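Visitor: Going down the list, the protein sequences come from chains F, H, B and S.
For the first sequence, position 207 (counting from the first letter as 1) is numbered 207 according to the numbering used here, and the numbering increases by one without interruption.
For the second sequence, position 217 (counting from the first letter as 1) is numbered 217 according to the numbering used here, and the numbering increases by one without interruption.
For the third sequence, position 339 (counting from the first letter as 1) is numbered 339 according to the numbering used here, and the numbering increases by one without interruption.
For the fourth sequence, position 213 (counting from the first letter as 1) is numbered 213 according to the numbering used here, and the numbering increases by one without interruption.
Incorrect hints may appear among the rest.
Now the stretches of chain H that chain S is said to cover, found in silico as 3 or more residues with beta-carbon under 8 Å [said to hold, decoys possible]:
id, stretch
1, 21-29
2, 62-70
To spell it out: a stretch of chain F is covered by chain H in this simulated footprint if at least three of its residues, at any positions, have a beta carbon under 8 Å from a beta carbon of chain H; those stretches are [claimed, not checked]:
id, stretch
3, 18-30
4, 71-79
5, 150-164
6, 195-201
7, 207-218
8, 226-236
9, 240-252
Sample of chain F residues lacking proximity to chain B, with all beta carbon distances greater than 10 Å (derived) [what the hints assert, rightly or not]:
id, residue
10, SER146
11, GLU175
12, GLU181
13, ARG204
14, LEU272
15, THR281
16, GLY294
Since the hints were derived computationally from the structure, they do not count as laboratory data.
In this text, all values refer to a predicted model and were calculated from it rather than measured experimentally.
Every residue gets a Cβ at the ideal spot worked out from N, C-alpha and C, and that includes glycine.
As a plain string of letters, each chain reads:
There are 4 protein chains.
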Amino acid sequence: MVSSWGTHLKMTIFGESHGPKIGAVVDGLPPGEKVDLAEIQAFLQRRAPGNFPWSTTRREADTFTIVSGVYRGRTTGTPLCVLMDNTDARPQDYAEQKRLPRPSHADYTGRIRYQGANDPRGGGHFSGRLTAPLCAVGAVCRQILSRRGITIAARIAQIGEVCDEPVDLARPDLEKLHSLEHRQFPVLGHSQGREMIAVMEAARAEGDSVGGIVQAFVLGVPPGLGDPIFGGVESRLASLLYGIPAVKGVSFGAGFDVCTLKGSENNDSFYLEEGQVRTCTNNDGGLNGGITNGMPVVVNVGIKPTPSIALPQQSVDLETLSEETLVITGRHDPCIVPRALVAVEAGLAAAFLDLYLGTFGLKG
Amino acid sequence: MVSSWGTHLKMTIFGESHGPKIGAVVDGLPPGEKVDLAEIQAFLQRRAPGNFPWSTTRREADTFTIVSGVYRGRTTGTPLCVLMDNTDARPQDYAEQKRLPRPSHADYTGRIRYQGANDPRGGGHFSGRLTAPLCAVGAVCRQILSRRGITIAARIAQIGEVCDEPVDLARPDLEKLHSLEHRQFPVLGHSQGREMIAVMEAARAEGDSVGGIVQAFVLGVPPGLGDPIFGGVESRLASLLYGIPAVKGVSFGAGFDVCTLKGSENNDSFYLEEGQVRTCTNNDGGLNGGITNGMPVVVNVGIKPTPSIALPQQSVDLETLSEETLVITGRHDPCIVPRALVAVEAGLAAAFLDLYLGTFGLKG
Amino acid sequence: MVSSWGTHLKMTIFGESHGPKIGAVVDGLPPGEKVDLAEIQAFLQRRAPGNFPWSTTRREADTFTIVSGVYRGRTTGTPLCVLMDNTDARPQDYAEQKRLPRPSHADYTGRIRYQGANDPRGGGHFSGRLTAPLCAVGAVCRQILSRRGITIAARIAQIGEVCDEPVDLARPDLEKLHSLEHRQFPVLGHSQGREMIAVMEAARAEGDSVGGIVQAFVLGVPPGLGDPIFGGVESRLASLLYGIPAVKGVSFGAGFDVCTLKGSENNDSFYLEEGQVRTCTNNDGGLNGGITNGMPVVVNVGIKPTPSIALPQQSVDLETLSEETLVITGRHDPCIVPRALVAVEAGLAAAFLDLYLGTFGLKG
Amino acid sequence: MVSSWGTHLKMTIFGESHGPKIGAVVDGLPPGEKVDLAEIQAFLQRRAPGNFPWSTTRREADTFTIVSGVYRGRTTGTPLCVLMDNTDARPQDYAEQKRLPRPSHADYTGRIRYQGANDPRGGGHFSGRLTAPLCAVGAVCRQILSRRGITIAARIAQIGEVCDEPVDLARPDLEKLHSLEHRQFPVLGHSQGREMIAVMEAARAEGDSVGGIVQAFVLGVPPGLGDPIFGGVESRLASLLYGIPAVKGVSFGAGFDVCTLKGSENNDSFYLEEGQVRTCTNNDGGLNGGITNGMPVVVNVGIKPTPSIALPQQSVDLETLSEETLVITGRHDPCIVPRALVAVEAGLAAAFLDLYLGTFGLKG
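With the rest of the complex left out, here is chain F:
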């Protein structure tokens, strides 16, 4: 326990990578909201394995069925359940995993946690595949949020050593940000994007992998959402985003870079723009004291290199308790960052709908 998240919107994710179905239940959606199935499918497509030419991963249609919570094309307000089939399962690829855990995967910890009873195939419940139902939920929440003027855009800010072009966090180019969702490789700088892809392809050629950073913007957020101390927006977003496999860092605004700044450099001074209170800079990422201040909420998510690599690695045979070299055969993805980006967007959509409902209620 618990694969659940949320305060006003409650989301539970279930399934194993190679079980019959994966899915999610989300409770607390406002009733009467139009649900555009094609838009959900398009959103899922952005995450789908097999979408990326530089990758050779498992192919899943990632089609979905909503079996509850939607009636005549609108949310009922009662729990929405979305289901997806696992169609391209190849459990035989994972026969060894239980015995010989993959480094930096959950094979070993899952075995200990569940006393050997967990489903070991493809990481079971720990698999990145479980972000698919998160994305389906997020796709529904996005539609509801956008009717309230809140939108989400995310870019690949870094792959390996290659960084995307800089952005003014206080006054980002909204049109450019919103164009990201239509790009197969969502970076702002085209040349930087090409370099990143080269880094990924080189890693694949070597049987290796690379990590990176996703930077997401939540735009149109009213000031005053969130709660103090442990109910702060940062607490809630981080607890959700760390639910995405391979995330090892979450920061806000200027993030860890603020450590090297002086207060006089880092503080976001206030000014007025057309009668609205705004800040000159946005090092705080739109958040003060855990509460939104009306500026763009900026979230940085650090994603580690995919732990599944083709190179030989040292592991330990858990049955004989002896060290052994592990070679992972079969497909692998040299960089999970582009797919994790979609999960980050989805998570933020769920989180901001939760925050919105907390302030405005179901009648809001």
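Based on these hints, arrange chains H, B and S on the given structure of chain F.
Guide: Frame of chain F, contents of chains H, B and S only:
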């Protein structure tokens, strides 16, 4: 809502910076645990304002009273309430704050969130002063954890541009780590410590402030604690640590640095040491799939420069809606990092007791 | 929100009476527990519509599929999702319901609560049909509990004015109680059972319905489960049992009858039996201060007459806002009590597994 | 865990009967609400021991201090903490209790649950004294609710065999109901009240005690509050009300009496009154499918005879494990019902504010 945290251990923090009392209630403590009051006081002393020669902040005795949950020196198992008085309150220092919000503080967002009804004095419920009861709770949890072989050590890893000496995350020098709690300025490298203090003093002289990074180690953690997806250790720790004011980044193990590594460099290979499964490196910070793997849990916490500085700053008069220069008079702390470090330790103690109880129950 | 329940075991129920699927997700099950599918099916059969000769209700096979959380016949410890199809849906029967709400049903309140967006067919998410997934979850929990020595038995204590034979709550005949689950009409007294069936058949013949009381016993419960104040066993059980449609009263032990007793009559004196502390009477139903005392836990559940009756009733046309006579056509069940009994057993199984895990943890 | 309750409003109660202080923290109150301290004190006075001439119980001033969450007479919206001193503690009265548990008290179960570490004095955390902070919280919530048109009235419906006069649950006399809070003995029928007091005095004279039933009405409730299945109003209210010591039954509307009714008698037909949908009868107590329907919410609470009696009782010496006669000396209260009534009112106030916030949010 909600200034509460926890799954098996439930902690609620209350109070305002200049109200009559601040405190915390913690429910779910195992019964019959000895509570050493002197040890709690010593732990609080490490956080207390006025403890640091390079700082000139408000002085609070930070004495505490436990009014429930302890009987004859041991936990009863029913809710423990700890209270602290606010003795050195100078509310007049804060008269202007409601009208003219301090940049990068919660003055503006608190006003919006609570429709102007929040206590503006010294940040009210948003004040860093609220970490005092967190520390009292953490001090109790530390005692209980240490009887189960789990200890916590934290160091200042960076102030401004100055970094502490490097540590092997997989095999840290335990003796050195445990000595940190007895040092007034908890860094491993003495010369680096002196440099950091110089940076802080320079900032104070300029009326400015600096930020930094705290790195904490949780040692002796059994493998198998935590839960998948949103119940992962990272999710839980981050949601707690972001409750500490001025925290803008939380990462685990090698943190954001993993983005530039290859999978073959980042993966923590397994080996055997006296029959125990261990990892050669510890880039994952002791956590795979949200579950502890038995290696030290390593957490990095990025803390922004204290937003209260003596230099003039631009703000907006919220009553006349006009821009105005703000000058904050009175004491200020040029660097919150050493005090935040104690709160990080406290938070981790609460979090790991919560995790421990989740696996082993009250009978464990 | 929220169709969820539980502290250590978390259960979420989803679906609408005439939607494509209904189901439940349960998180927090101990790993490695054998799941006997045939036993689940047999348990569901006891609840299934069409099981009762005196009733002429909708027929549902109530077959189920577990799509996650079970691997090679054992729980994985990760969320278990069970799905059921709605096969005998006749949505046209319910065309009028949205306009003309059925008295004492949720048609009117559901419409208000969800601003008209709820699925009106057969009560939608409010339907008694949603107890089917609860029963599936309960059937799994029963198996796990029985391995820990805890069993549940329930009887129909009253239908209309007819009461079952009296039971000594402190020393019930265990063999007789355990035989109840094998009886189509679970009463202890055979003649009383025949009378109750006659009452039900008479109601059906009149196009009317009757209510009754279920009394359940949880046996083999160790002392010390539960928590004080709002975490008491009574609080938890009642919050779950009121999730079963038509339940209007929940009491424990001697229930409301204690109001007429003196303290000297009602108090359960202690005595010793083979070195065990026990009580002479069991008016408190095995619970003191919200905590189990080792005696049988006794729960009484009052169930109202099925609100769907064939007789004409007065309602209000919500579109024209005029009073109108409503005649409900189609099948209806004259007494929900025998089926609600199975849901009560299921709920108690989930609740006691939750309580057990709270004390003994996952390692217990 | 957990002495906490609530979804949108979170309340935690702490303290032991003879510890230094008892209190409560409530989080989630809407900001800017006027808090009338005299009104709180008057409400507490209604519950205070020593208020009742027919009783000779412990005298506590039950004065309170609010130490957080109120600024300049209004709620801040951040956690409100209320504290009370235990002034009339006589711990020596309770010396034996740990060894020789009082029948039908929590002495035995508390000892098992907390492995002997609980505070045994006067029941410790299990004491009815803990309803004092619940009443303080409820007194605040009442004030906030009444500004939204929602009021609460409760009567003693039964003491021993004596019942109060009948009430039309659908159209109760509002003026009469509202007068109850100003009466020392809140019954509707004066002669019945005199009889009840006679029953209580007789019990006291015999060293015995009596139980009874409280019936509460929540008036002015808008339709549409609450949630389906486990989030229903009944589930929430029952889980709260069972937190009041000595409560053994909670039912709604006509309660357990519905079991003997036909559906045609029990169903609450709809009609129109000045354009509003209302029901002719109110057997469902204003609740259908867990959601309010706009009629008065009617709750019945069955309270057992006070287990502390002067008559000798059989108990078990837990140290020597031998049966022994227990004689409780010192003051005792022959009937807890009048004081429990105030706690019921308080609990309902908290519960309905929670429900209200769930629908209308903080902006509502």
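Visitor: The structure should be examined with respect to each hint, and the outcome stated for every one.
Guide: Right, here's what the structure says about each hint:
no.: 1; hint: 21-29; verdict: holds (count 6)
no.: 2; hint: 62-70; verdict: holds (count 4)
no.: 3; hint: 18-30; verdict: violated (count 0)
no.: 4; hint: 71-79; verdict: violated (count 0)
no.: 5; hint: 150-164; verdict: holds (count 4)
no.: 6; hint: 195-201; verdict: violated (count 0)
no.: 7; hint: 207-218; verdict: holds (count 6)
no.: 8; hint: 226-236; verdict: holds (count 10)
no.: 9; hint: 240-252; verdict: holds (count 10)
no.: 10; hint: SER146; verdict: holds, 19 Å
no.: 11; hint: GLU175; verdict: holds, 34 Å
no.: 12; hint: GLU181; verdict: holds, 28 Å
no.: 13; hint: ARG204; verdict: holds, 31 Å
no.: 14; hint: LEU272; verdict: holds, 38 Å
no.: 15; hint: THR281; verdict: holds, 38 Å
no.: 16; hint: GLY294; verdict: holds, 27 Å
Checked against the numbered hints above, the structure violates hints 3, 4 and 6; every other hint is satisfied.
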